[in-house]
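**Student:** Residue numbers (this note's numbering): 638 to 1461.
Careful, some of the hints might be misleading.
Listed next, the in silico DSS-like pairs over lysine-lysine satisfying Cα-Cα at most 25 Å (straight line) [what the hints assert, rightly or not]:
| no. | residue 1 | residue 2 |
| --- | --- | --- |
| 1 | K928 | K1286 |
| 2 | K715 | K700 |
| 3 | K1036 | K658 |
| 4 | K957 | K797 |
| 5 | K981 | K957 |
| 6 | K981 | K797 |
| 7 | K957 | K942 |
| 8 | K947 | K928 |
| 9 | K913 | K715 |
| 10 | K1289 | K1245 |
| 11 | K1311 | K942 |
It is worth saying that the hints were derived from the structure and are not from the lab.
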Amino acid sequence: MKRFIGMDLGTTNSVICSFDKQNIRVWKSPEQNDVTPSAIYEDRHGHRFYGRRAYELAPFDGKNAATLFKRYLGTVMKFSFERSGASLTPEECSAEILRVMYGYLPAEWQGSPETAVVITVPAAFNQMKKDATLKAAQLANIGSVALMQEPVAAVMSAMKEKKMDGAFLVYDLGGGTFDVSVAEHTGGRVIILAQGGKEMCGGRDWDRLMWRQTVLPWLRENFHLPDDVEQNPAYRRLRQLSLFACEQAKIELSYHQEAYVQMDEGQIAQHDLDGKEIYLDVKLTRDQLTKLIWEMIETTVDVSKQIIMKAGVTAGEILKIVFIGGPTQYPPLQEIVMDRLGIKEKGSANPMTAVAEGAAIYGESVNWSSELHGRVETIVKTQEDVFDIRYEQRVSEEKARIGIRRLDGEDFYCELTAKADGWTSGLVRFCGQGVVEVPLNAGGENLFTLRLFDVQKQPVALRNDTVVITRVLATVDAIPASHSIALKVLDRQGGQPVPVYVVRENERLPKRGTILLRAGQRLIAGSREALVFTLWEGDIPDPIEDNRYIGTYRIPGTSFTTGVINIGAEIVCEYEVSESGALRLGAAVPSVGAVFANQNFYSSEEGKVDLSDPSAYLRTVNLLKKRVLEMQAGGWSSEMFRLLSRLEKISKGLQDEDPETVQQSVDDLLDCRKAVARFRHDNVKSVRLARLEGHFRTLNDYREDLSDRDAENLDLLYDAVRRAIDHNESEYETLLREYSSAVWSALVHSDRYVCDQYNARISRPYYYTDTEEYNRIKALGQTCIENGNIRGLLPLIARLVRIEKPDDPSGSEKMFDRVNVLRG
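Hey, can you work out the whole structure from these sequences and the hints?
**Tutor:** Rendered as structure tokens:
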């Protein structure tokens, strides 16, 4: 019999549970705790400690510890252990915790084909983080693994109560992320109506607020500290111990009206600039903490309201709210959230273990024989001679229905008998078809013997006379996608980039299908060139680069041995998005007989965030500021000031020494991109004018290099585009592309312009993803310049643009695009 394991890999704490189709068990840590802190510590003898012991030692020796690594999944960050010189990626750290918790299980379970594992991920997790979680599971070597979204797991656990008919909301605030979902329970079935969340929004962020706004001012008042104490490596220990003490006080405030952020001189073992021993003794009340976290609570309420709206229900229709996660045990938070959302009742669930419990329950519904671990089919359909038999094989209620139809319409008799307790339906006569209701007296599998008779009560021989119906704790239908995912391709040869959506936010998962694309470049077998399209997460259609870049799909010439893929050749792209939102891509090119179904050339590695080098994100901030300022021709507005203020705050955060602040700023930047895109959409006329004027200014800078005829034609085109703006005509985009292309075509004959374009691009090596290719281009460009071959720079400019980092939202001024695959 299968054993289903649920693992909640948390930012601060992790949990492991099992489910045997009847009972749920939480597997406790060696200290007999339900939760295992997500912490690793290495002592001076090279021994590694995990969980509670590591959590308690880490604040005192941060240079030999790793914590909070879930926050950095999908980044290139590493956690170093100073004494041993070892370093671990966030995936490797996560794998260590998964491996440790897996070790809590009985030895005979570990590695058994009968053991299946479900690991949860926040709904707010982007594609890179989901891929990183799967990689962590592979590194942990814990066997067959599926991912599922944390809100769904929380709903599965909440449904154990069986008293929640109607709509309810799951509010899941963990150590690092916030998830929310709206679900509806009707007739034993749960439908997830909508879900979403926010990263970098959790209990850890409460600790950081307590440190920066309460503890640090107290320290400055009582001790002589340097101005840069937050960044100064000499005071790293003080910061870590202060945050640890903040966390303990925060937990205390869940049960008492006041607490102290305390740490004595011996524990801190550090002096201020005057040689005075530093200690902590800061009183904190619930009222003070509530004021500190008020804005964050409001953010979660706003996200919850958006999800309620997407679910198509009103707050008044939501019967209960289920609180999940350690921070939700803070009573004022529950009061504020319930009051702001207008929900009066709470559902019951263990806030610390519910997600892992739900994951274990969900494991029973997974088709573990499938490579992508989708859910098993719910309805069983069998045909016996002239009989059609149908029933639902997984039911959460105490009764199930079995439908039987005789294909020729003749009368017949039916009898069902429970193998466990002998219950029988008796001999029942049906006129052509009928339904028998059977009791499910036990959790797990219920077996029944089916007997059919003709109208003369003569038995009908059956190939299979056993009906197996599993009574489950919960069944969930309709799991929605938490993000939209699109392929970036060109609308036509030499055209503009457009999104082709694989899945839309809130679309039902799993989803699989085929997208027809076409080659936009000739590709010879064995060549170093490749057909390329990129993948983006989000709903902004123009420019698509304003969404989150999540990877690149390449079909290299080296992937097939003979033939040529000509321009316009079909590329059949097959995709599957699992219920967790994880993406799998495959492709085939019929013209050369190449099938890449088992060669997943999609890679999210290029999409990983480098928190140590925020230059690309600062570049994006400046571009967004420019876009907002472009619209000042239409007059200043409060929204423009608000957006510029947000961008300035993000810019400062990106330059902070604290990686958590940088990570938070990166996430906020994506939200700000969406806000700018909405604002520009609402001010489309000003935007169109600004785009046109940008091309016009470029033209004027090199007007003296143009012939009179070119200048005259370009001015006529400019006037045509300007009229299209004034009349809001649909051909504006076509005319602007024509004008942009004409400007490029005219200026490309100017050596001065070509040199300026090349020098501007080659001067910023950090813009490019392929260092080797950049160096090759730079060497070739130097040779061209030395030989006076300015025309030779043109193809080099095109090659540079193809390898630009796509975190940079590109504007309409781009003359090339890095993708060379066309919409089919």
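**Student:** Indicate, hint by hint, whether the structure satisfies it.
**Tutor:** Evaluated hints:
| no. | hint | in the structure |
| --- | --- | --- |
| 1 | K928 - K1286 | 21 Å, holds |
| 2 | K715 - K700 | 12 Å, holds |
| 3 | K1036 - K658 | 17 Å, holds |
| 4 | K957 - K797 | 15 Å, holds |
| 5 | K981 - K957 | 7 Å, holds |
| 6 | K981 - K797 | 21 Å, holds |
| 7 | K957 - K942 | 15 Å, holds |
| 8 | K947 - K928 | 29 Å, violated |
| 9 | K913 - K715 | 35 Å, violated |
| 10 | K1289 - K1245 | 21 Å, holds |
| 11 | K1311 - K942 | 18 Å, holds |
Hint violations for this structure: numbers 8 and 9, all remaining hints satisfied.
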